[in-house]
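Peer 1: Take a look at the letters that make up each chain.
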Amino acid sequence: MRMRHAKGCHIKPKVRAVVAIAAALLVAPSAVAQEITAYDLVAGALDLTRGDTSHTEMTMQVKRPDWERSTSIVAWSRGREDTLMRFTAPAKDAGNALLKQGANMWTYTPKLNRTIRLPYSMRSQSWAGSDFSYNDLSRSDKLLKHYQLEIVEQREEEGRMIYTIDAVPRDDAPVVWGKEVWVLRDDYVMLEQRFYDQEMTLLKRMTTMDIREIGGRVVATRMRMQKLDEPDHWTEVIIEAAQFDIELPDRMFTVFELKAGAS
Amino acid sequence: MNPMLLFQLSWRNLWRRRRRNGLLLAAISFAVAGVVVLNSFIRGMQVQMTQTAVNNMNGHVKVLAPGYLDDPGIARSFDLAKDWRPDVLEGIEAEMVAGWASRVRVPAVVMSERETRGVQLVGIDPAAEAISFIGDMAVEGERLSGSEDGRLLVGRALAEQLETAAGRRIVLITQGADGRNREAGYRIAGLYDAEGEGLEKAFLFTGIANVQNLLDASVITELSVRLTEDRHGPNVLSRMIDALTGLDVLTWQDLEPTAAAMHEFVDVAIAMWFLIVMGALAFGLINTLVTAVMERTRELGMLRAVGMRPRAVVVQVVVESMLIMVLGIVIGLALGMLLYLPMASGIDMSAFAAATEEFGFSALMVPKLEAGDIWLVVSLAIVIGLLASVYPAWRSVKITPLEAMRR
Chain A
1 MRMRHAKGCH
11 IKPKVRAVVA
21 IAAALLVAPS
31 AVAQEITAYD
41 LVAGALDLTR
51 GDTSHTEMTM
61 QVKRPDWERS
71 TSIVAWSRGR
81 EDTLMRFTAP
91 AKDAGNALLK
101 QGANMWTYTP
111 KLNRTIRLPY
121 SMRSQSWAGS
131 DFSYNDLSRS
141 DKLLKHYQLE
151 IVEQREEEGR
161 MIYTIDAVPR
171 DDAPVVWGKE
181 VWVLRDDYVM
191 LEQRFYDQEM
201 TLLKRMTTMD
211 IREIGGRVVA
221 TRMRMQKLDE
231 PDHWTEVIIE
241 AAQFDIELPD
251 RMFTVFELKA
261 GAS
Chain B
1001 MNPMLLFQLS
1011 WRNLWRRRRR
1021 NGLLLAAISF
1031 AVAGVVVLNS
1041 FIRGMQVQMT
1051 QTAVNNMNGH
1061 VKVLAPGYLD
1071 DPGIARSFDL
1081 AKDWRPDVLE
1091 GIEAEMVAGW
1101 ASRVRVPAVV
1111 MSERETRGVQ
1121 LVGIDPAAEA
1131 ISFIGDMAVE
1141 GERLSGSEDG
1151 RLLVGRALAE
1161 QLETAAGRRI
1171 VLITQGADGR
1181 NREAGYRIAG
1191 LYDAEGEGLE
1201 KAFLFTGIAN
1211 VQNLLDASVI
1221 TELSVRLTED
1231 RHGPNVLSRM
1241 IDALTGLDVL
1251 TWQDLEPTAA
1261 AMHEFVDVAI
1271 AMWFLIVMGA
1281 LAFGLINTLV
1291 TAVMERTREL
1301 GMLRAVGMRP
1311 RAVVVQVVVE
1321 SMLIMVLGIV
1331 IGLALGMLLY
1341 LPMASGIDMS
1351 AFAAATEEFG
1361 FSALMVPKLE
1371 AGDIWLVVSL
1381 AIVIGLLASV
1391 YPAWRSVKIT
1401 PLEAMRR
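Going down the list, the sequences are from chains A and B.
The first sequence begins at 1 in the working numbering and counts up one residue at a time.
The second sequence begins at 1001 in the working numbering and counts up one residue at a time.
Extracted from the complex, chain A is given alone in its bound form:
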């Protein structure tokens, strides 16, 4: 009786340890997954391609049924709010620039030598003849402020978690979409972004075609924006080179620099 008791006492800690380890193994992944919120994922995705500051060189290809056009762009960004983009080629477009500073946007055309503050009414229009609207370029932190974010699906693919996030605009949000869907990888790389109208019809979609390491980060380097009602119209952005967290002068994101930096 004593022996049995002693033996029982001897075994119990072992069992306890096994149970604890098993439990830890079982619980750990889900605990990690639960810690990642939709908000973190979206914020992470926004910061990944921007960093504190960034300098990107990219090519934009606009494809139409009867023609296509390729342009080169350099872009600088700071935080979630400020961006400066400048066309460098072809010669016809070189110098055209766009500045986003907080909620405001300006364009600059060297041929007119004028900066124009972009009225809100024009922001749903196409930017530089592409399938992107000015709003697509300026929307960064709107997503965190004005949308209700929710992870609706997660799956594992090639050892990585893929999250599908529904972003439903709040009732008073200055957003026209019925909802947006973001598909993100657990390293914050954006795989797909879909825009739905309020009848939940898919209107346009941005898909990532290529993911590479660039400037020390793994990011989506080739993305295609396409409107669903015009399947043979699309725009691709290819990131050729990128640097992150670099020193940028404060005057970079000013209207003065928008004009002065062109020459």
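A portion of the hints provided could be inaccurate.
[To be verified] Derived lysine to any residue pairs resembling SDA-like cross-links, with alpha carbons at most 20 Å apart: (1) A/Lys179 / B/Arg1187; (2) A/Lys145 / B/Asn1181; (3) B/Lys1368 / B/Gly1034.
Calculated directly from the structure, the hints in this document are not laboratory data.
Chain A is fixed; fit chain B onto it per the hints.
Peer 2: Below, chain B alone, put in the same frame as chain A:
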């Protein structure tokens, strides 16, 4: 000579040529009836245009901040005490005022998933808007519940352009009191039908408190006062100008000069139209009277020979002319009334709705017969009857017994 005898003579003379005079009578009656009916149409249109102009958020008298018309926006606004009423002013009686409404009206940009449009955002107190077209427009979906309602009423034509519908959200962008942009999403309560697509495309309505919140301003940009009758306009206008110093106090005529010009033109048009028709008729009358006089050369010569004064001959012709004219007017008015009465409640023009809405008219055409217009018809007809008898009368006195005997 006994006037009764002269009258009898003229009356009998008329009956001597029944067919000829009957045709003339028919022509006069027909012209008078036609003029009465057509005038009632033109007058009805004029009244309707006035109503439309007054209904178009103008009222009879409208108060605006100086400069608002040149540069509309929340920067051009003013404040009135919450309990301000037009009838507290000296000289304005409560029964002159049908109602009043304050609004905030600012230019805005509206965006849906597919389209962007420029509009006027109007914050209203729905309860006060019985004085404008907002009060009686048809709404599909829900109406605004009150001045706190944060939803929108969107015109049907605009909703079609935006490809949106009741229950959906659209985004509004406008400038706040501090000059900075405001943007926010709003849900659409309902779609309204107004008379004219222009209105539907121009105005977006929401609760006035909702707009004031969005703009961070507790002020209003306009106040409309509607009167029970048009004629109180000048009096109320001058009282309000005296009371509301520093603000622009305007009439609907100031705000819609085209409608005001049309309004004045209609008065002239009615008179001209009548003059033309009656003028043409006058020549028929002259012709008939001259023929009658020439036919009776022998007779008139004989009457002169037995001592009838030339004046009596003239009176005889004039009385003949007047008799046929007055008879024509009476029959014409009766005929006009007969045609007008079945249409008095309005003629449905919805078959041409697209065209009438284009010009800002309602699809229901309501003719209006005014006593003043009837008096105009009667008096002008009598004057023309008198004028038309001048030449035949002159011809009749030129007949001498000698000339008459030679015939």
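Peer 1: If a hint holds in the structure, say so; if it does not, say that too.
Peer 2: Status of the hints after comparison with the structure:
Note on A/Lys179 and B/Arg1187: the hinted pairing holds, with a Cα-Cα distance of about 15 Å set against a maximum of 20 Å. Note on A/Lys145 and B/Asn1181: the hinted pairing holds, with a Cα-Cα distance of about 17 Å set against a maximum of 20 Å. Note on B/Lys1368 and B/Gly1034: the hinted pairing holds, with a Cα-Cα distance of about 14 Å set against a maximum of 20 Å.
Consistency note: the structure conflicts with none of the earlier hints.
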